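Novice: If you're matching them up, the sequences are chains A and B in order.
Using the working numbering, you'd call the opening residue of the first sequence number 1067 and step up by one each time.
Using the working numbering, you'd call the opening residue of the second sequence number 47 and step up by one each time.
Honestly, the hints are just simulated from the structure, not real lab data.
Just so you know, these numbers come straight off a predicted model, no measurement behind them.
All C-beta atoms in this analysis are idealised placements derived from N, C-alpha and C, irrespective of residue type, glycine included.
Heads up, some of the hints might be wrong.
As the list claims (entries may be wrong) - Just so you have them, the derived chain A footprint on chain B, three or more residues with Cβ under 8 Å:
no.: 1; region: 84-94
no.: 2; region: 107-120
no.: 3; region: 132-138
no.: 4; region: 159-172
no.: 5; region: 198-206
no.: 6; region: 266-278
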Amino acid sequence: MTAMRQALLDVAELSVAFPGRNGPIRAVDGVSFRLEPGESLVIAGESGSGKSMLCRALMNIQPGAASVTATRMDWQGRALGALSPRDWRALRGGQMAMIFQDPAAALNPLLSVGRQIMDVVNAHRACSRAQARSRAIEVLGLAGLPEPEARLASYPSQLSGGMRQRVAIALALAAAPKLIIADEATTNLDVSIQAQIVALLKRLQRELGLGLIFVTHDLDLAAEVGGRLMVMYAGQPVETGPVQTVLKDPCHPYTRGLLRSAPTLHSSRETPLQPIPGQTPKPGAVGAGAPFRSRCPVSVEGVCDVRRAPWSEAGPGHRVACNRFALDGRGGLP
Amino acid sequence: MSKPMIEACGIDKTFTLRRDGRLVEHRALKTVSADLHEGEILGIVGESGSGKTTLSRIMIGIDTASKGEILFHGDRVATRREWRDLRRHVQYVFQDPFTALCPTMRIGKALAEPLAIHGIGSREERPARVARMLEMVGLHPDMAGRLPSQLSGGQRQRVNLARALMSEPKVLICDEIVSGLDVSVQAQVLALLLDLQKRLGLSLIFISHDLRVIRYLCDRVLVMYLGEIVEQGRTDEVFAAPKHDYTRRLLAAIPDRDRPAHHSPIDEALK
Ligand SMILES: Nc1ncnc2c1ncn2[C@@H]1O[C@H](COP(=O)(O)OP(=O)(O)OP(=O)(O)O)[C@@H](O)[C@H]1O
Ligand SMILES: Nc1ncnc2c1ncn2[C@@H]1O[C@H](COP(=O)(O)OP(=O)(O)OP(=O)(O)O)[C@@H](O)[C@H]1O
Ligand SMILES: [Mg+2]
Ligand SMILES: [Mg+2]
Chain A
1067 MTAMRQALLD
1077 VAELSVAFPG
1087 RNGPIRAVDG
1097 VSFRLEPGES
1107 LVIAGESGSG
1117 KSMLCRALMN
1127 IQPGAASVTA
1137 TRMDWQGRAL
1147 GALSPRDWRA
1157 LRGGQMAMIF
1167 QDPAAALNPL
1177 LSVGRQIMDV
1187 VNAHRACSRA
1197 QARSRAIEVL
1207 GLAGLPEPEA
1217 RLASYPSQLS
1227 GGMRQRVAIA
1237 LALAAAPKLI
1247 IADEATTNLD
1257 VSIQAQIVAL
1267 LKRLQRELGL
1277 GLIFVTHDLD
1287 LAAEVGGRLM
1297 VMYAGQPVET
1307 GPVQTVLKDP
1317 CHPYTRGLLR
1327 SAPTLHSSRE
1337 TPLQPIPGQT
1347 PKPGAVGAGA
1357 PFRSRCPVSV
1367 EGVCDVRRAP
1377 WSEAGPGHRV
1387 ACNRFALDGR
1397 GGLP
Chain B
47 MSKPMIEACG
57 IDKTFTLRRD
67 GRLVEHRALK
77 TVSADLHEGE
87 ILGIVGESGS
97 GKTTLSRIMI
107 GIDTASKGEI
117 LFHGDRVATR
127 REWRDLRRHV
137 QYVFQDPFTA
147 LCPTMRIGKA
157 LAEPLAIHGI
167 GSREERPARV
177 ARMLEMVGLH
187 PDMAGRLPSQ
197 LSGGQRQRVN
207 LARALMSEPK
217 VLICDEIVSG
227 LDVSVQAQVL
237 ALLLDLQKRL
247 GLSLIFISHD
257 LRVIRYLCDR
267 VLVMYLGEIV
277 EQGRTDEVFA
287 APKHDYTRRL
297 LAAIPDRDRP
307 AHHSPIDEAL
317 K
C-alpha cells in the first residue's frame, strides 16, 4: 500500500452542541472525514441537519453559545485546537476560505466591493495597491461577474442577489487558499454561471490541488462536482461514499427518500413530488436511537429506538449508518 | 384564461452608478411588459442580474419605475392610496432570508404579528395557528420560541414564507425561496403552494434559478436576459420548444446526474 498523503483536513467525531433546557442539543453529532489536496467532499442533507454549523466549526467561527468537540481535528497534520488567535487569522481567509450561505454575512454593506477584496488580498500577501486592485479584478472576473473593473466601486446593496454571491466567491478566491468551503455558494446563480463556477473550482482542484467542501441541496449538481458525498440527517452523517455510487445505489432510507422527492426535468404536477412522510424530530429529541427512526419505513423495533446505527460497508468506500442494513446487508430492500 | 390582475406596462428602470469617479446610468429594465393573472403561477427565470427582483418589486410598488405604469384589475395605480389597496393583498418573500426578519423578535411573535395587524382570528387561537403554519412548512412548533439567529438558512427561509402566508394574501411573490431547502422539504413547500392556488385561488410570482422546479410548478414562464423578457409562454411549451437562444443555453446547463460526464455543461466550460 502506498503511504497516505498528508491530509488538508483530518477530522474525527466532530460534534457541535448548543445548551438546551433538557441538556445539550447536538446540531452536529459525530462527523469524521479526511480531505486530501485536490479532493472534494460534497455535503447534502436535511435543512437544519448541521451542514453550516459543521463548516463553521472547521473555520472556528461557530456561534458563541456553541461548544465544539472532536477526537481529532488536524489541518495539514497540526491540531487546530492548539492554534493561537494569530495563527487562526493567518489560516482563515488565507489558507482556508469559506463562501457563506448568507452573502450578507461575508460582505460589509458600508464598503465598496473592490475595497473589501483588496483588504483580503493585502491581509494575506505583501503587495502594492495596484497589485491588490488587479487581483480584485481578476478574482471578480473568475467568479463570473461581468465588467469586474466597473463593479469595483459598487456597494453590496447595488448588486443583485447572485452578483453579491459572486463577490463572496471572489473574496474566498482572493488569497488563493488551499481549501475552499462552499456553503450553498451557487444558490442564487443561474445555471450557466453556476456551471462556470463549478468548472473553475474543479480546474483549481486539478491544477493547484485545491481541497473543496461543497454543501448543496442539489443532488444533480453534487454529481457534477464529484468526489465523495456525505448525507446528513438531524446532525448525524447517515451515508457516505463516491457521489455517483451513493446516488445510483442509495442504502440509507433517508437518502432513498430524499432522492425520490427530487424534481427532475420530467416531473409534472400529474404525478406530484413525494416529500418524505412525517416530521423532522423535535430539536434535541433524537436521543440514543437512530435519528430517522420516526419516519423510517424499514426501522427495526427494539433496535432503532435504543441503538445508534453502526457503520456498515455497502461497497468500496461506501458506508451507511443504518441498523436495518447492519442486520440484513440490504437496508430492507427485497 | 382569467383577466390580468396586475399588469406592468412598458417598465423602465435606470440606476445611477459611479464609475471611475463619474456617474453613469445603468438600465436594469428595458421597456418590460408583463402581467399576472388571477389564480395563476407565473415563473420568472433568467440570468443572474437580469432584473427579475427589480421587476417583481416594481410590480407591487416596493420600488418605483423610471418609466411605465402598473395596472391593478385594469386600473392605473398612481396615488398612495391606490398602492396601499394593491399592497393589502400582496405578500413578498425576499430573496435574502437572513435580513428579512427582525433579529430580536422570537419566531412565534413574528408569525402572530400579521394576524394581529389584519385582525385575523382571536387572540387565544393565534398560538395554535402559528404552530399549524410552522408544521405546514416542515418546522417543529417548538421553533416558535427561537430567535432568527438560532435557525439554519433553510429554516429561516421557511419562517419567511410562513410569515407571508399568515396574512392570507391573494398574491404572493416568492423570490428564490426554495433553493435553500432540501428536496423533501422543497416538495412539501411546493405542494403547499399548489394547494393554496387550488383552494384559495392564490396568484403567485415565483422567481427561481431551478428550472426543474419552475417546470413543475408554474403555469406560465418569463425568461429574462439583460433587462429584457426574451421569451414567455406556457411552461410546457417553452421547455419543449425554446425559441430564444438564451433559453436554450439555460436548459442545456441544468445539472443532471444521468448525463454522461463529457456532456456536462461543466466539462463544456472547462474546455
Ligand atoms: N444559535 C443557535 N442556537 C440553537 N440552535 C441553533 C443555533 N443556530 C443553529 N441552530 C440549530 O442548529 C441546527 C443546524 O443548523 P445549520 O445551520 O448547521 O443547518 P444546515 O444543515 O446548514 O441547514 P440549511 O440547509 O437549512 O442551511 C439547526 O437545527 C438550527 O436550528
Ligand atoms: N439599488 C441599486 N442600485 C444600483 N443598481 C442596482 C440596484 N438594485 C439592482 N441594481 C442593478 O439592477 C440589475 C438587476 O438587478 P436584480 O436584482 O433585479 O437582478 P436579478 O435578476 O434579481 O438577479 P439575481 O438572479 O442575481 O437575483 C443588476 O445589474 C443590479 O446591479
Ligand atoms: Mg446551512
Ligand atoms: Mg434577484
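Novice: Does each hint fit the structure? Answer for all of them.
Specialist: How the hints compare with the structure:
no.: 1; hint: 84-94; in the structure: holds (count 4)
no.: 2; hint: 107-120; in the structure: violated (count 0)
no.: 3; hint: 132-138; in the structure: violated (count 0)
no.: 4; hint: 159-172; in the structure: violated (count 0)
no.: 5; hint: 198-206; in the structure: holds (count 5)
no.: 6; hint: 266-278; in the structure: violated (count 0)
The structure fails hints 2, 3, 4 and 6 (numbered hints given earlier, in ascending order).
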